[in-house]
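Per my numbering, the very first residue in the sequence shown carries number -4; after that it's consecutive.
It is worth saying that the hints were derived from the structure and are not from the lab.
In this text, a Cβ means the ideal position worked out from N, Cα and C, and glycines have one as well.
Any given hint could turn out to be false.
[Stated by the list, open to error] Pairwise CB distance ranges (calculated):
1. 97 to 61: 38 to 46 Å
2. 111 to 299: 19 to 27 Å
3. 168 to 104: 30 to 38 Å
4. 97 to 314: 18 to 26 Å
5. 84 to 114: 12 to 20 Å
6. 315 to 63: 46 to 54 Å
7. 176 to 265: 25 to 33 Å
[Claimed, not checked] Restricting the straight-line Cα-Cα distance to at most 27 Å, the calculated cross-link-like pairs of lysine-lysine (BS3-like) are:
8. 61 to 219
9. 9 to 308
10. 9 to 219
11. 142 to 61
12. 312 to 246
13. 92 to 265
14. 308 to 246
15. 265 to 312
16. 142 to 154
17. 142 to 265
18. 61 to 9
19. 219 to 246
20. 61 to 92
21. 154 to 219
22. 9 to 279
23. 265 to 246
24. 154 to 92
25. 279 to 308
26. 265 to 219
27. 279 to 246
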Amino acid sequence: MSHGVELVHVTRGKSTESIHMGHVAIVSADGRLLCGWGDPHVNVFARSSMKPFQALGLVMSGALEKYGFTEQELALACASHSGEERHVALAWSMLQKSGTSEEELQCGAHLPYDEHASRELLRLGIATRQLHNNCSGKHAGMIAAAKARAESTDDYLDKNHPLQRFILNAIAEIGEVDIQRIEVETDGCGAPVFGVPLKTLALLFARLANPEFAPQIYRDPLAKIAQAMNHYPEMVGGTARFDTALMNAFKERIVGKEGAEGVHGLGVMKEGLGIAVKIADGSKRAIYPTVLRALELQGIQATDREALASFAKGTVKNVAQRTVGEIYAVYGEDSN
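All chains, please: the whole structure from these sequences, using the hints.
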């Protein structure tokens, strides 16, 4: 992968200490590449940014109706949640409704992303569970989908499982990409992860936000997924998380999802746009100012800009929590 262009600078005092390079693709919902920085055609592993599209298996299997899943639970199936009590409880509810045991999950366990929840577990000496995994909602949804489709569940993560093949095909059709071009490997949680051109990831999100441009069979399911994420953004991320703040600040105008290793995808309702970002070094801190600069350059303003201010221009703090530098986007400055 090429390093791309300079996207974000990190300063210490008045000097630039670090530079994050990367790529940005902006497409229309009808498939046109509108603009890009770096290489919009670069192939990237979408990581958790693909979760809303992996949730198509859950929606289109009939599992929502069969097991009585709520809109909140659908949002959790699209989430990289923080492992807060509300997230764990909702993932547990999904398992209970589909008659699944926690042991059937194959995502593994890790400490919650939420610092308070993580400290509380450590204070009480409570072992982490698979339900704390940020992907537990996705895995609970995949097992429920496999059950609703009358398919095996012990191998639900296998790349050749019928459910996973269905998801792969849906991504290819919605993103208008040759299925043979999609690289399928293994994500951190054990599920298949998809490598696609950055502009394809942007197109997928453009159509998640504007499903009337997707193939007919996917329009209602995509609309249902986008609505769930917009109605319950706190389930997609959590307290102080970017995706939650982003969707709250734009009041049902944007649907967005972060992925590991510096990936983000978002779709803008009505404007018919999709934006995808890849930070070359995989840095999380560079995602947020990059995404917000892309929206700014498209003239798309948040209803609550203050809620996103700390993401648009982050701070570098020392051990004593004093601000010693800043993190901010630099690309597209000539456009302002």
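Outcome of the hint check:
1. 97 to 61: 38 to 46 Å: Roughly 20 Å apart at Cβ, these two residues miss the hinted range, so it is violated.
2. 111 to 299: 19 to 27 Å: Cβ of residue 111 to Cβ of residue 299: about 24 Å, so the range 19 to 27 Å holds.
3. 168 to 104: 30 to 38 Å: About 34 Å separates the Cβ atoms of residue 168 and residue 104, which means 30 to 38 Å holds.
4. 97 to 314: 18 to 26 Å: The hint (18 to 26 Å, Cβ to Cβ) is violated, given that residue 97 and residue 314 are roughly 38 Å apart.
5. 84 to 114: 12 to 20 Å: Because 19 Å falls inside the window, the suggested range holds.
6. 315 to 63: 46 to 54 Å: For residue 63 against residue 315, whose Cβ atoms are near 51 Å apart, the range 46 to 54 Å holds.
7. 176 to 265: 25 to 33 Å: 30 Å, holds
8. 61 to 219: Within the cut-off at roughly 16 Å; holds.
9. 9 to 308: 15 Å, holds
10. 9 to 219: Roughly 47 Å between the alpha carbons, so the hint for residue 9 and residue 219 is violated.
11. 142 to 61: Holds, at roughly 10 Å.
12. 312 to 246: 31 Å, violated
13. 92 to 265: 35 Å, violated
14. 308 to 246: 21 Å, holds
15. 265 to 312: Since the Cα atoms of residue 265 and residue 312 sit roughly 39 Å apart, the hinted pair is violated (cutoff 27 Å).
16. 142 to 154: 17 Å, holds
17. 142 to 265: 36 Å, violated
18. 61 to 9: 59 Å, violated
19. 219 to 246: 16 Å, holds
20. 61 to 92: 9 Å, holds
21. 154 to 219: Judged against 27 Å, a Cα distance of about 25 Å means the pair holds.
22. 9 to 279: 23 Å, holds
23. 265 to 246: Holds: residue 265 and residue 246 sit about 13 Å apart, inside 27 Å.
24. 154 to 92: 26 Å, holds
25. 279 to 308: 14 Å, holds
26. 265 to 219: 16 Å, holds
27. 279 to 246: 24 Å, holds
Of the hints listed earlier, those the structure fails to meet are numbers 1, 4, 10, 12, 13, 15, 17, 18, in rising order.
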